[in-house]
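Chains as they are written, first to last, in our numbering: chain A, 1 to 262; chain B, 1 to 262; chain C, 1 to 262.
The reader is advised that the hints may include incorrect statements.
[Said to hold, decoys possible] Derived coverage of chain B by chain A (criterion: at least 3 residues anywhere in the stretch with Cβ under 8 Å from a Cβ of chain A; other residues may be distant): (1) 48-55; (2) 220-231.
[Said to hold, decoys possible] Simulated crosslink set (DSSO-like; lysine-lysine; CA at most 27 Å straight-line): (3) K6/B <-> K198/C; (4) K186/B <-> K223/B; (5) K198/C <-> K99/A; (6) K6/A <-> K212/B; (7) K137/A <-> K99/A; (8) K137/A <-> K198/C; (9) K212/B <-> K221/C.
No wet-lab data here; the hints were simulated from the structure. Here a beta-carbon is modelled for each residue, glycine too, at the ideal position from N, C-alpha and C.
If you want the building blocks of each chain, they are given just below.
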Amino acid sequence: MKFNRKNIFISKSAIIGENVKIGDNVTIYDNVTIGDNSIICNDCVLGEPLNSYYFDEDYRQPHLKLGRECLIRSHCIIYAGSTFGDNLQLGHRVTIREKTTMGSHCSVGTLSDIQGCVSLGDYCRLHSNVHIGQKSKIGNFVFVYPYVVFTNDPTPPSNICIGATVDDYSQIATGAILLPDVYVGKNCLVGANAVVNKNVKEYSVVVGNPAKFLCDIREIKSKGKEGFHYPWMNNFSRGMPWDEIGYEKWLELNKNYESKND
Amino acid sequence: MKFNRKNIFISKSAIIGENVKIGDNVTIYDNVTIGDNSIICNDCVLGEPLNSYYFDEDYRQPHLKLGRECLIRSHCIIYAGSTFGDNLQLGHRVTIREKTTMGSHCSVGTLSDIQGCVSLGDYCRLHSNVHIGQKSKIGNFVFVYPYVVFTNDPTPPSNICIGATVDDYSQIATGAILLPDVYVGKNCLVGANAVVNKNVKEYSVVVGNPAKFLCDIREIKSKGKEGFHYPWMNNFSRGMPWDEIGYEKWLELNKNYESKND
Amino acid sequence: MKFNRKNIFISKSAIIGENVKIGDNVTIYDNVTIGDNSIICNDCVLGEPLNSYYFDEDYRQPHLKLGRECLIRSHCIIYAGSTFGDNLQLGHRVTIREKTTMGSHCSVGTLSDIQGCVSLGDYCRLHSNVHIGQKSKIGNFVFVYPYVVFTNDPTPPSNICIGATVDDYSQIATGAILLPDVYVGKNCLVGANAVVNKNVKEYSVVVGNPAKFLCDIREIKSKGKEGFHYPWMNNFSRGMPWDEIGYEKWLELNKNYESKND
C-alpha cells in the first residue's frame with residue numbers, strides 16, 4: 001500500500017541502487033547515492049542543500065551516501081555531505097546535517113536532531129529526540145536515550161566548538177547532558193538527567209547535577225534474575241553481531257574490532 | 001480555506017464517518033475507522049503500517065479506530081493498531097505507535113511521541129513534546145507537561161520492559177523523568193526536572209534528582225487568592241466534565257467513575 | 001534545484017514581496033504578508049488558522065507579517081496573527097503560534113515550539129527544540145539553548161498564566177527550566193538542567209535544581225586564552241550588529257538601543 005512514487009522529485013544525478021523502494025512526496029536532490037534494497041518512506045528529503053546553497057552562487061552540492069538495506073522512515077531530512085554505512089534505520093522526522101559519518105547498523109529514533117560534523121561507529125542506537133551537537137564523537141555499541149544532549153560551547157556564546165566523546169559500550173540515560181569536551185570512557189552508565197561536567201572513567205556509573213560517581217557498573221545486579229547485568233554485552237544481544245554466538249565467542253573472532261577504530 | 005482533499009490517498013477499506021473533514025496531502029491506509037464529525041488536517045498519516053510491514057510478506061494491517069469529534073492537527077502520524085475514544089485532540093507532528101489505547105477527551109500536544117503499548121484513561125492532557133515509553137499506564141485526568149519522559153528499561157540495554165504508572169488526577173511537571181516500574185499515586189505533583197526512582201504516595205509533592213518528598217500537595221496555597229489549590233479539581237474545570245456543575249456535584253453523580261477503571 | 005512551486009497553495013489575499021522564493025508543497029493561507037527577498041522552503045505552512053477556525057463560523061483570519069530577507073527552512077508551521085522583523089531565520093519543523101512578536105535578526109532552531117503570546121526583541125537566538133510557553137518575554141541578544149522550557153502555570157493545572165522574563169544579553173543553557181513569573185536579569189548565565197524558581201540578579205551564574213547562585217559571570221575566564229569571557233559581547237560578534245566595529249564602539253553609536261525596549 002506504500003511506495004507509489006506519487007508527487008516525487010528525484011534528481012537526475014542521484015544514483016539509486018537495485019530494489020530501492022521510494023514512497024510518496026519524496027525529494028532526492030543532486031549527488032545522492034542510495035545502496036541496494038533500501039527503503040525510503042513517504043515525505044523524506046535526501047540531500048537537503050547546505051546553508052551556503054541559499055547565498056553562494058558557486059554552491060556545489062556535496063555527496064550524500066546511504067549504504068545498503070537502509071530503512072528511512074517518513075518525514076526524515078538528511079543533508080548533503082554525509083556518509084552512512086549499511087543497515088541504517090531511522091525513525092520519523094529525523095534531521096541529520098552535513099559532515100556526519102555513521103558506521104553500519106546504526107539506528108536513530110524519531111525527532112532526533114544531529115547537527116552535523118559528528119561521527120558514530122557501528123551498532124549505535126540513538127533513541128527518540130536525541131540532540132547531538134557538532135564535533136561530538138561516539139564509539140561503537142553506544143546507546144543514547146531520549147532527550148540526551150551533547151553540547152559543544154564551554155562559554156556560550158563563543159567561537160569555540162569542542163564536542164563530547166563517548167567510548168564503546170557506554171549508555172547515556174534519558175535527559176542527560178554532556179558538557180563540552182568531556183570524555184566518557186568505555187562501559188559507563190550516565191544516569192537520567194545527569195549533567196556531566198568532567199571526564200568519566202571506564203566502568204563508572206555517574207548521576208546527578210553535576211554528575212558524581214555512584215558505583216562501579218559491574219556492581220549492578222540483573223533485574224529479576226541472578227548475577228550482574230554489566231558489562232551488558234553478556235546479557236543483551238538483540239540486533240548485535242554476537243546475537244547467535246554470544247559476546248565472548250564473537251569477541252574472540254573479532255579481536256581487531258576495537259583497535260580498528262582507535 | 002482548508003480541506004480541499006488535494007493530493008490525498010484514502011484506502012478503499014477505510015471507513016470514514018459522516019461529516020469528516022480531510023485536508024490536503026493526507027494519507028489514510030487500510031483498515032482505519034474515523035468517527036463522525038472528526039477533522040483530519042493537512043499532511044496527516046493515519047494507519048501508518050507497523051515495522052513488520054517492511055519485512056513480513058504475510059503482514060496484516062491491524063485496525064486503527066478514532067472516535068467521534070476528533071481534531072487531528074497537521075502532520076500527525078498515527079500507526080495502525082490503536083484505539084482512541086471520542087473528542088481526541090492532537091497538536092502538530094504527534095507520533096503515536098501501535099497498541100495505544102486512549103479513553104475519551106484526551107489531548108496530546110505538538111511533537112509528542114507515544115511509543116505504543118500504552119494506555120490512557122479519559123480526560124488526560126499530554127502537553128507538547130512528551131515521550132511515553134512502551135508499557136506506560138496513565139489513569140484519568142492526568143496532566144503531563146512538556147519534555148516529560150516515561151522510561152521502561154531498568155538496566156539499559158536489556159530485554160526487560162516495565163513501564164511507569166501514574167494514577168488519577170496527578171500532575172507530572174516539565175522535564176520530569178519517571179524511571180521504570182515506578183508508581184505515582186493519585187493526586188500527586190512531580191516537580192520540574194525531577195527524576196522519580198521510587199513509588200510516590202498519593203497527595204505527595206516530590207522534587208529533585210533523585211526525587212524526594214517535599215510536602216503534602218494539600219498544603220500548597222492558591223496563587224493570588226485565599227485557600228488551597230489542590231486537589232485541583234475544585235479550582236480548575238476547563239474542558240473537564242464537571243465544568244458546569246462543579247467537581248463535588250459531578251463526583252456524586254459519577255461515583256462509579258474511578259472504580260470502572262481499577 | 002529548489003523552488004519549483006510544485007503542489008503549492010497560495011491564497012489570493014496573500015501579499016508576496018519581490019524576489020520571494022517559494023518551495024514545493026508550500027501552503028500560504030489568507031492574510032499573510034511576506035517581505036522582499038525572503039525564502040520559503042518546501043512544505044512550509046504560513047498563516048495556519050487559529051483554533052477558533054474549526055468551531056467559529058465568524059472566524060476572521062488575523063494578519064501574519066514576515067519581514068524582508070527571511071529564511072524559513074522546510075516544514076515550518078507559522079500561525080496567523082504574528083509579526084516578525086527582518087532577517088528571521090528558522091530551522092526545520094519550527095512551530096510558532098499566534099500573537100508572537102519578534103524583532104529583527106532573530107533565529108529559531110529546528111523543532112522549536114513557540115506557544116504564542118510571546119515577545120522577543122532583536123538578535124535573539126533560540127536553538128533547536130526550545131519550548132517557549134505563552135506570556136514569556138525575551139529581551140535583545142538573548143541566547144536560548146536546546147530543550148530549554150519557559151513555563152507559565154504556577155499551580156498546574158490552573159487558569160493562571162504568568163510567563164517568565166529574560167532580559168538582554170542573558171544565556172539560558174541546555175535543558176534549563178524557567179518556572180512561571182521568574183525574572184532573569186541582564187547578562188546572566190543559567191546552567192544546564194537548572195530549574196529557576198526565583199528571580200536572578202544581573203551578572204549572576206545560577207546552577208542546579210533548584211537553581212542557586214554559583215558566581216558572578218564576570219569571574220569566568222575565557223577558554224584557551226587570557227582574560228574573562230563575559231560580558232560576552234566583547235568576545236563574540238558573529239551575526240551581531242557590532243561585528244565590524246566592536247561592541248564598545250557600537251554601543252556608543254546606539255546608546256538608545258536598550259531604552260527603546262524598556
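Consistency of the hints with the structure:
1. Note: the region 48-55 of chain B has 4 residues with beta-carbon separation from chain A under 8 Å; the three-residue rule is met and the coverage holds.
2. Residues of the region 220-231 of chain B with a Cβ under 8 Å from some Cβ of chain A number 0, which does not satisfy the need for three, so the listed coverage is violated.
3. Between K6/B and K198/C the CA atoms are separated by roughly 51 Å; this puts the pair beyond 27 Å, and the hint is violated.
4. The straight-line distance between the Cα atoms of K186/B and K223/B is roughly 22 Å, inside the 27 Å bound, and the hint therefore holds.
5. For the hint pairing K198/C with K99/A, the CA-to-CA distance comes to about 41 Å; that exceeds 27 Å, so the pair is violated.
6. Pair hint K6/A plus K212/B does not hold up; C-alpha atoms about 54 Å apart against a cutoff of 27 Å.
7. At most 27 Å may separate the alpha-carbon atoms for a hinted pair to count; K137/A and K99/A meet this at roughly 12 Å.
8. Proximity of K137/A to K198/C is assessed by CA-CA distance (about 37 Å); at most 27 Å being required, the pair is judged violated.
9. For a cut-off of 27 Å, the pair hint linking K212/B to K221/C is broken: about 35 Å separates their Cα positions.
Going down the numbered hints, you'll see the structure goes against 2, 3, 5, 6, 8, 9, while the others check out.
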